[in-house]
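Protein chains: 2
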Amino acid sequence: MQTTHQQKNYRYYGTLRRLLNRKAGPNIRKIVDKTHPADMAQILSYFTAEDKLGIIRYAKDDRRRAEILREMQLESAAEMVLLMQVPQAVAIILEMSTDDQADLLGSLDEQHANAIIAAMPKDESDDVQELLRYDENSAGGIMNPDVLAIHMDSTIAEAIKVVQDHEDVDMIFYLYVVDDHGSLCGVLSLRHLVISKPDVVIKHIMNPNVVSVRTEEDQEDVARLVTRYDFLAIPVVDDTNNLVGAVTVDDVIDVIAEEATEDFLKMAGAGEEQEENASAFKHVLGRAPWLFAALVGGIATSFVIRNFEDTLSTYLSLAAFIPVIIGMAGNVGTQSLAVVVRGLATRQIKIKQAWQTISNEILVGTLLGCLYGAILGAVGLWQFSGNTPMAFNLAIAVGAATATAMLLAALVASSIPLMFARINIDPAVATGPFVTTAIDILGVTIYFTVVNLLV
Amino acid sequence: MQTTHQQKNYRYYGTLRRLLNRKAGPNIRKIVDKTHPADMAQILSYFTAEDKLGIIRYAKDDRRRAEILREMQLESAAEMVLLMQVPQAVAIILEMSTDDQADLLGSLDEQHANAIIAAMPKDESDDVQELLRYDENSAGGIMNPDVLAIHMDSTIAEAIKVVQDHEDVDMIFYLYVVDDHGSLCGVLSLRHLVISKPDVVIKHIMNPNVVSVRTEEDQEDVARLVTRYDFLAIPVVDDTNNLVGAVTVDDVIDVIAEEATEDFLKMAGAGEEQEENASAFKHVLGRAPWLFAALVGGIATSFVIRNFEDTLSTYLSLAAFIPVIIGMAGNVGTQSLAVVVRGLATRQIKIKQAWQTISNEILVGTLLGCLYGAILGAVGLWQFSGNTPMAFNLAIAVGAATATAMLLAALVASSIPLMFARINIDPAVATGPFVTTAIDILGVTIYFTVVNLLV
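Chains as they are written, first to last, in the working numbering: chain A, 1 to 455; chain B, 1001 to 1455.
Keep in mind that the hints were calculated from the coordinates and are not lab data.
From the three backbone atoms N, C-alpha and C, an ideal C-beta is built for every residue, glycine too.
Restraint-style ranges between C-beta atoms, simulated for each label pair:
no.: 1; chain 1: A; residue 1: R347; chain 2: B; residue 2: F1281; range: 20 to 26 Å
no.: 2; chain 1: B; residue 1: V1201; chain 2: A; residue 2: K8; range: 30 to 36 Å
no.: 3; chain 1: A; residue 1: E130; chain 2: B; residue 2: N1027; range: 46 to 52 Å
Taking the hints into account, I'd like the entire structure generated from these sequences.
Structure representation (structure tokens):
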């Protein structure tokens, strides 16, 4: 169904493309206005920034334009805003909620952002500047400041009036209850409003055990709380417990996807962020450091091999097995690394039970090492026999080196991230290139040491 | 804060441990009853299944026990149920919602599940068996069948009555509107109930453009729809458009996390599923196939090297550069692979724009290849000079081989997943071990071919 969805959107792209070439305004307007903004954003992603602008100018009003922009990737939306005249940009941005305004303005360069902010009405620009002060990865940075607060002494009827008077506030799931000082002291679900009698005083039915986060709380921790307790939104308070906003579940979903992407790319040593249309140069900058670490390790590996050049000159065929031995060790290491890094991220693996995890990985590494060591040893025997009288010993050496290298790879790859986690360093820093290169050095050292012992 | 949260829970673990050893029932009960079920589940995760059972038997009632069980990892909950007498298990399971019952029963072995189902009241067991028939990764498998449906001719007052009469139904965000035949024809948010007049007829204010999914829809597509449109729940219908349940946003969050884990582990060739406490043997089974593929590739690599043994015997120092060249190519390949696989999963990369993605990766691979090829060439010159009159040519060969291998690695690693996606195969099948092994073969072939050309 998703595929058909995407295919349908791609067909619309074709249609719009043709209509745009013919400058068929009324037809374009019909499509833009009848398509869900989320779908429209996807369709627009196939166009250049100029053409995107050419299309949305046919939308029925700035509210519609704002809805489409907020569904787009931030970078694409920012690119469009940069092409607009300031008054046009301001008109569209004013139709957005404050948190969306902050996200968009935060992704513009400072000069453009300031020009737009200066052209906004003072109360709106104050609100958005307030939000822009928060770290974009904190609760304050992802919260929506438009929340409905109600005094604890109010009645259900008064609360219903508040909801009726704020039709413009998106995504209301809870009413937050405050005391005389504006401090958060309880929460009431919309369902309470539906099922309670109008004259009931809120403090008697509210849930006083309201879980809240501070503005500076890390977005990942916010996401974990919302997920753990199955909340639809979590209130955000300042230092004095004053309610300043709420993070809603749709933002939490974005955070979870973003953090998963980050871990995924970190694991491969491909930088942290994935940006649509990021320049090749930016990609190079993100990836080069990990490759540099791998290069240094690789050069170290070459020195290890040169150290054993005498052995190698006697048994040249040993060279053929270098890649497969370090490859197998590297692969089993990557597996252990992935299981441990992801397990720590999802809290399925606990730091307190590190030893249990490591010993399990060692067991797995040993079993896999023995299995593939035996196979490679047999291949070695077949390859070496006839070429040298030491064929049997060499084959045993290949098998034993494979098994040892795989076992140690599992040990190294599982203990490094756990060690990092223990001392409060993000375990995802123990990236693939880092660990596999360490395993390369380990692998060739073990290989030639075992060979020297056995022949 | 999350850390403090976890630390607090770990402290509770210590306390409970001591209380359990002293069999201090009333104190245990106090902790179990005052702690949020989600936290209690985390605390229990530090205990053995027997001790978990020993602790929750002090909970105030079966409802509390059910709440704790549903917050636990499925495997741990199932392990506990297996230790219970059937009547005890049934009493707890009957306190769960039907979808939680189905999840738990579905993770037991068939014999135990059937024994429990047979001991349940007929109407409850019919409901859960109905759910168990759906694929666990489909909309039917993750939906909650307890939804509130209301006839389109009802009034707001009647709808409010329905909500009031179903206090036991969890997570109500929307009322789904059906026609005379039970077909889904609209949706009404709780907010509508709050702000509308009691005598308004629902069909006049409902949103008739209700997005629904079929029971057989893949859970990943359901998650994507909910995320795209920022829904809190999405209704599930059968072949005849009859409302049979709804998937709520908390389940969608679980799906997103699960799918990210799946991709993460697949990428490392570590099987698909991560299970807490899965046996080492199970891990071995999950990982062995990818390693086998790597082994076959590794043996192929060894044949390639043996093929060039004459060159190698003339210039033995070449062997020292094998690991670093295939390592650098493998790392740049893994980076491209991660960016493309994750980009396809998050729809930031589109199949229709494959050529753009591949050419970008080739450009990145070329830039990185030239950079690190130059460095490695210089290292080679330093290493070879003095040992052979061909030092300069060998160094050029090392540098050129590095650059070429890295460029081709980026090409291979980005085009394979895109090719898979194009023919509707999950791009994550192009796993790390698979691609890095292919790059190993490619790398040594390029290396020795370039050497033979230049010396």
